[in-house]
Amino acid sequence: MKRFIYNIAIAAGVLLGASSCEGFLDKVPTDSVVAESAMVTMDDAKVAANGLYTELMYYSMYGTHIPYLGDVRADNIYPKDMGGTANTIYLLDFSPTQTNYFSMWQGFYNIIMRANTFIANINTLETSSTEEAALRDDLMGQAYAVRSLCYFDLARLYGYPYLKDNGASLGAVVLTSVVSPSEARLPRNTVAETYAQAESDVAEALKYLSRAKNNGHFNYWAAKMLQGKIALYKGNYQLAYDANVEVVENSPYRLVPNDEYLAYWSRVCDDESVMEFLVTADGDIDSDGGFYTIYHNLWFEASNAGKSLLPTKKWRELFKDTPNDVRAEMIKYHDPETGVIPGQEFYWLKKFVGNEGGTTFRQNNPRLFRITDAYLMAAEAACHLGKQSVADNYLNAVRKRADVTAQDVTATVDLVLTERHKEFIGEGHRFFDVMRTGGTIVRDQSIDERDYAGATRQVIDWNDHRIVLPISATEQTIYPELQQNPGY
Amino acid sequence: MKRLFLLALAILTTGVMFAQTKVTGKVTSAEDGSPVSFASIVVKGTTNMATSGDNGEFVLNNVANDATVVVSSIGFKTIEVPVNGKAYLEIILSPDTEALEEVMVVAYGTVKKGSYSGSATVVKDDALKDAPVMSFESVLSGKAPGVQVAASSGQPGAQADISIRGFGSFNAGNAPLYVIDGVPATSGDWSSGNISTTAMSFLNPSDIESITILKDAAAASLYGSRASNGVILITTKKGQRGKVTSTFKASVGVSYFAYDNYPLASDAETEELHRQAWYHYGQNNPNAWKSYNTLEDYVAAKVEQNYPSRDESKYIYKDWEDVLFRKGISQNYEYNISGGGEKGRIYASVAYSDQQGLTSIENLQRVSTTINGEATLNKFIKLGGNLQYSWTFQEGHQEDHSKDDPYTIWKVYLNERWPYAYKETGDLYMERWNPTVSTVNPVPTYDMQINDARQNRLLLKGWMEVKFTEWLTAKTTISSDWLYVHDRFGWLYGHPNFTAYGEPGGYMSDRHRNVNRMVSTTQLNFDKTWGDHHLSAMAGWEAEEEKYRMTRAGKTSFSYAGATESIFGTEYDSSYSWSREEGLLSVLGSLSYDFGARYYLTGTYRRDGSSRLAPETRWGDFWSVSGSWRFSNEKFMDFDWLNDGKLRGSYGTSGTLPTDYFGYMSVYDYGVYGNEGASYPSNLANSDLTWEKNKNWNVAIDATIFDRYTLSVEYFEKKTTDLLLDAKIPSTTGFTSTLSNVGAMKNRGWELALNVDILKKNDWDLSVGVNWSKIDNEILSLSEEGETQTSRPYIWKQGYAFYQYYSRDYLGYDENGMPQYADGSFFKKGATLTEDVILKDGTKLAKGEKAPHDLYNYTPRNRNNSNSVILEGKTALPDGYGGFNVDLRWKDLSFTMAWSYKYGHYIWDDGTDDLYTDGYREFHRNIGKSQVDAWSETNKDAAFPKRIAGNNQGGYYDSDRFLHRGDYLRLKNATISYTIPRTFVNKLSLSNARVYVAGANLLTFSKLHIDPEIQNSGFYSLGMPSMRTVTFGLEVSF
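Note that the protein sequences, when read in sequence, are chains Y and B.
Take 1 as the starting number for the first sequence in the numbering used here and just add one per residue.
Take 1 as the starting number for the second sequence in the numbering used here and just add one per residue.
A few of these clues could be false.
So the derived label-pair ranges between C-beta atoms look like this [said to hold, decoys possible]: (1) Y:384 to B:574: 47 to 53 Å; (2) Y:31 to B:360: 36 to 42 Å; (3) Y:31 to B:329: 40 to 46 Å; (4) Y:182 to B:659: 24 to 30 Å; (5) Y:480 to B:676: 37 to 43 Å; (6) B:923 to Y:323: 36 to 42 Å; (7) Y:418 to B:659: 53 to 59 Å; (8) Y:31 to B:676: 15 to 21 Å; (9) Y:31 to B:1038: 50 to 56 Å; (10) B:311 to Y:323: 41 to 47 Å; (11) Y:126 to B:574: 32 to 38 Å; (12) B:850 to Y:183: 29 to 35 Å.
Below, simulated BS3-like cross-link-like pairs (lysine-lysine); rule was C-alpha separation at most 25 Å, straight line [claimed, not checked]: (13) B:290 to Y:313; (14) B:467 to B:112; (15) B:461 to B:379; (16) B:290 to Y:314; (17) Y:213 to Y:46; (18) Y:400 to Y:320; (19) Y:27 to B:547; (20) Y:27 to B:693; (21) B:290 to Y:80; (22) B:343 to B:237; (23) B:237 to B:113; (24) B:238 to B:112; (25) B:124 to B:113; (26) B:987 to B:891; (27) B:635 to B:113.
Quick caveat, the hints were computed from the structure, so don't treat them as lab data.
Where a beta carbon is used, it is the ideal one built from N, C-alpha and C, also for glycine.
Sequences and hints are given; from them, build the entire structure.
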């Protein structure tokens, strides 16, 4: 009240021609922080660095859409019913007028903006001790690694596989600083240029990142795997080999043993995980409480589970001859509660069982990098480089971890890809693995009668325009410089 | 004021008297028999006069036996009474509303109606007093030209949707500013949105003296940065000088649905429609029935599975309408007291109202009290104060396709084959009927759900007026408007939404919001007349501060059945608090000059500074000029038939502030990652952000002719520039939009009002009023040339109206009964056609040609290959709307009716995807009646396409099949009132007594399949439709 009267007195001053009354009108928000004061200490910087990951694990990104585009778009998982949530992706029925799958483009640029803001600000912060200097280096490395991941993902989602045309197709718009709306109207760079940015960012990140485990955050090893993965996609097998071998041989991570494999999926940041996103509340992945997630839609053991996604017959039959494979144990036959109606019995995938200590089965940490991936990437690169014994060792290590009765095989690229097919269901790899190697995905109802998209036989390879996502038509109207992908 | 002045005059001129005969008498009012004080009684042709006292009595000395006395009083018709030698005169005055130059409440003051050159409509308390409503807004429907009023829901206490002269804003809303007794008030819905509430429901309509709706710049621009959507001035009742009267009023009413919403197919028809859907599905998918012997067997199995036959051995079946809904009972009791003398006056009231909705969980209760008083301290200083306090308690349920909306569940799922709410054991049926349907029995949810809002509101105002001289006064007002809203939402332990999933659950959250608005206004008023010249001026300043605080606490997973408080929860749900402040500083002034009661000129100015804008842009100037020519007062226009005539015009500016309190700043939002904090930039700074600016002009002619016709014709144009829009920006910035001032929009329209006093005789009074308005709205520009913004089902595009519909264009069905839609590919003028094109009119263009104009390809396609088009001519804007009213009085009986109508607009029925799906959804659903006429091999000339189970081509998907003409005519309010004869009433020592019957939404004429009174956007999503209410009331005065 006192202040109010005081303010009125000031206001009276206005009438009399005095000029200063701005105090009354200078209000600041209490539920957010004015940008200038949001990152002034190293503690602030740590909090801002965490802000690099929250969007990445959102359902429109790694939380669901990347797995959808990697598994449902391929031949690992399909919607149980027509009209399911993942329908558009399963049918590759993308259109520039649909905005929902363009949200990934928007999401990655949001994270790139965060990383660019962070990199610009972190350099202005003073450090008062060597610990603080080390922390500053590590945080800066994280920002570069996150940006590298964003450009790599933009290239593989919106551009054709690098090896199809050596990166000549359109990729992302490469930006390394914060831009205003008027500066942001830039045409797309090529896939090769986008890869180059991702490569240089990850190389920069490796200079600064700590090698210590840092759950939920990029460290040296996670960035190294990213470097190896980019190299593998690009056909730079030597670098793919070196990077992944370094992780396998020198990092503090380990293959989870066979008898812990199923339990691993409920563990938070087990040593198998080189990098996973931290989901601590049902609403972290989608604000609706996880009901949009792939985890909800794959789940079947609760009456309020999504029950809308199934592993394909093709994937299930990968284990036809290896009944002892622990991954086959993830396939569960389940009668619907209403009793068996002909044609309605289902085989489900019980892989993502929910974080230990989490509230529901919807709460799963999306895995970005597992050490298994480093083994298999190293094996694949080794095959290309003719390092047969290394390739055999790494591939057989993964095979025997899954099936203790497995016999050793001689590694080939195809065998490595088959192993990846078995291993990474629901983790968003399959489609990209097939496309980057110039393979094909075949769907046919004669192979699987549940495959309703296969009513007419579908063969999807890297010449199909639908394997890259369209640029939003709306985005093009505000920003015509942004080129559409061919075929849309 | 005026009475006081007359009194003074009367006292001064009572001078010399001639002694002949002494005459005494009493002056009373014909209206209610109450004594009329301060009436002047003059012996005709002399200066001999007297003034009636508080009891209406007077004494006149020296009156000749054959003299005539002239009796006059403000507000009454002057009459002449011959003395005829009588010593006692009983004089009855009848009220006169015409002779008195009506005074109306306007921005920062009052004016005589005749001298006002702005555009404003006044709604008097007569229109409000008996209407069976708890809040005044709905009564305005059809009453004021240019004002569209619609309810957002039929639940008691729901927010009204009012738009004054069209739609002036994209982002900042179209709600008017509310001003109560001169002070800008908090309005809108401050609850959490689980039920619609309005902060205005605190006001008891009986406490309202009048409502003035300010429409043009001349009327509203003194409210500056908040005036663009018009202003609603509410004036509460003041004490009347004279005898203290007290009035008690009681009414009881009953409500039910006003309209037959969504007629449904009968049970047999529904089964047949399901059968058709599965038959057609089986025809298309032979694989599906491989394991059955025949297609017919498969269809029979599917129909049984999806629309199961009744199983009387297991369930009790009843009429769901009966189970879910009730007749809502409303009650209202109020008591008020009014009185005053020379030194002061007071009005006080208390009231209790309770209105039930149509389900047992809809309910609105209110306790309200008002005290308005003023006192004259001395000849310089007057003081006054208002206190209004009310408590409202509102319960309701969620709406709009929500599974907590019993209305949606009833219309969409529940039918004769859905088992009754109780099992034969008598237990509530709690399980989900089928695991594939998330709907649960709504009946048990009634007791296990908490969804309510309580609002406490206290308005306090104090003012002081200093009269320096007859022509210069100053007035200062300080007010506090405190609104405390506490709403609760919870599903209790055992709620079917949990038990259906096999867990008892429990969820409860409490939200507390405090809004404190302090306003201080100081005005200096000048008013002086020199001969034919009259000059008045006002200068003032105002400071306003709003403080808002919100606290939320919630927990889930209860551990005790019957727990209603979150303390029983075992897990925390989001709990937090935050606050916000806003400041507004203003200086304002006005200047009016008139000459000879013929020429009027007024200018107003306001300068506002707002905390919602950056320091560089926060100050804005708003002004208006207006003038009028009262030609009926010209000598050369002195015709008998012309009672009053005025030409007026105005031009001026006003503004709208961004809704975002800190939209100009770049800020970081804070969240959580892992168990640590996470922050990130969440808004792009825009220090150029400023108000939306309005430029308005208005011309009008008002006339009263032949003593009976009052006519007003008005034309206006309102151009809004710097529209606030979440302008899309390249997502490479990291953001997809930023709040910016881009775009322009124009509203223009005609308003007509005609009132005819058809009959005015001793026992009879009959008058009829009609009004009609038309508004055209056009978007002049958006942020980018050719830019469109779509928000289902609308599009914003240059050259189109604000509520232009945008969806697939349904072209009927093909020879197989499959729906066809326009392709919808858009080509800009001059663009090379990338496909063969058929235009809407059938013209064919070949691929490779240049588009002769902007065009859509209308080639028929199936649903997957069709896109939305601008549905030319289909908007939510009516071609015309308004109302008419009839007031009839015969002796002590009066009858009033108020109708409202609207035509030419389209409404979007969002329930189409539930009820007219051509088979998309089958499980146990009801089907809209009209779907019965669906295509089949034997009915190829049907209204609807072929039904197919899971149909991904048909009515489930958006198209203009969701659109319907919304024309309607509705009897909004009607009242029959009988005033019990005074001779009888007086025996009971009452001064007045009246009984009445009043109704709301009594009759509706419309071709629509849903209640036609829908929010102004035209969007209807299965919410509770309006209620028809009839009340019986009694009013007695002492």
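Hint by hint, here is what the structure shows:
| no. | hint | verdict |
| --- | --- | --- |
| 1 | Y:384 to B:574: 47 to 53 Å | holds, 51 Å |
| 2 | Y:31 to B:360: 36 to 42 Å | holds, 38 Å |
| 3 | Y:31 to B:329: 40 to 46 Å | holds, 43 Å |
| 4 | Y:182 to B:659: 24 to 30 Å | holds, 25 Å |
| 5 | Y:480 to B:676: 37 to 43 Å | holds, 42 Å |
| 6 | B:923 to Y:323: 36 to 42 Å | holds, 38 Å |
| 7 | Y:418 to B:659: 53 to 59 Å | holds, 56 Å |
| 8 | Y:31 to B:676: 15 to 21 Å | holds, 19 Å |
| 9 | Y:31 to B:1038: 50 to 56 Å | holds, 54 Å |
| 10 | B:311 to Y:323: 41 to 47 Å | holds, 44 Å |
| 11 | Y:126 to B:574: 32 to 38 Å | holds, 36 Å |
| 12 | B:850 to Y:183: 29 to 35 Å | holds, 34 Å |
| 13 | B:290 to Y:313 | holds, 20 Å |
| 14 | B:467 to B:112 | holds, 20 Å |
| 15 | B:461 to B:379 | holds, 22 Å |
| 16 | B:290 to Y:314 | holds, 23 Å |
| 17 | Y:213 to Y:46 | holds, 16 Å |
| 18 | Y:400 to Y:320 | holds, 17 Å |
| 19 | Y:27 to B:547 | holds, 11 Å |
| 20 | Y:27 to B:693 | holds, 23 Å |
| 21 | B:290 to Y:80 | holds, 19 Å |
| 22 | B:343 to B:237 | holds, 18 Å |
| 23 | B:237 to B:113 | holds, 19 Å |
| 24 | B:238 to B:112 | holds, 19 Å |
| 25 | B:124 to B:113 | holds, 14 Å |
| 26 | B:987 to B:891 | holds, 20 Å |
| 27 | B:635 to B:113 | holds, 21 Å |
Hint compliance for this structure: no hint is broken.
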